[in-house]
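Novice: Using the sequences and the hints, build the whole thing.
So in my numbering, spot 3 of the sequence shown is number 13, and the numbers just go up one at a time.
Calculated directly from the structure, the hints in this document are not laboratory data. All the given hints hold, so there is nothing to weed out.
Straight line, CA to CA, 25 angstroms or less: simulated PhoX-like cross-link-like pairs of lysine-lysine:
1. K154 to K131
2. K60 to K42
3. K92 to K42
4. K60 to K39
5. K39 to K92
6. K132 to K162
7. K88 to K60
8. K88 to K39
9. K154 to K132
10. K88 to K42
No experiment lies behind these values; they were computed from the predicted model shown.
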Amino acid sequence: MNTFIFRRNATARVFFISLYIIWAGFYHKASKEENPQPTYCPVGPESWRKWRESEAEGTLEAVEHPRALDDEAQEILKPIDKDLIADDLLQRCLGSNTQNNNESFNSCVWQHAPKHEFDGKKIVDVATYCAACTSNEGLTAILKISDVMGIKIAAEKPSKRRNSP
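Specialist: Here is the structure:
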């Protein structure tokens with residue numbers, strides 16, 4: 011990874027950590043009794059990897075490896091993982107961007123109408139319109155929408171309180 015970007019951008023550090031985690035998962039699944047591969051796994055007794063935990067406690071002989079990926083599967087998966095974490099692909103994600111513009115827009119839609127509170131097509135349509143407006147014009151679009159709907163947003167509280175029934 012480009013060290014200049016790594017030093018200057020916190021997002022790049024997050025991706026570096028993500029790469030480390032991806033390789034930890036790959037090598038954890040590739041690890042065998044005769045060829046343990048804990049290189050990318052966290053060290054110490056608090057590690058999620060039993061091998062590293064046992065290493066810290068001095069009880070490596072008691073560790074039983076789970077069934078590993080066979081060598082053929084490793085040969086197929088490793089180049090795919092390398093391609094997916096290539097710098098040129100990840101560069102598109104630095105600076106809070108995504109690789110897919112639809113992902114970013116969909117995120118905006120679901121901020122207006124969370125999936126777990128789904129109320130129907132009309133709500134999603136309104137959320138989509140609001141997301142498009144705020145994406146293009148910022149939050150001033152919400153003020154314009156509110157104005158069209160007859161919702162007045164006051165800069166200060168009204169001086170008189172309404173009597174509640």
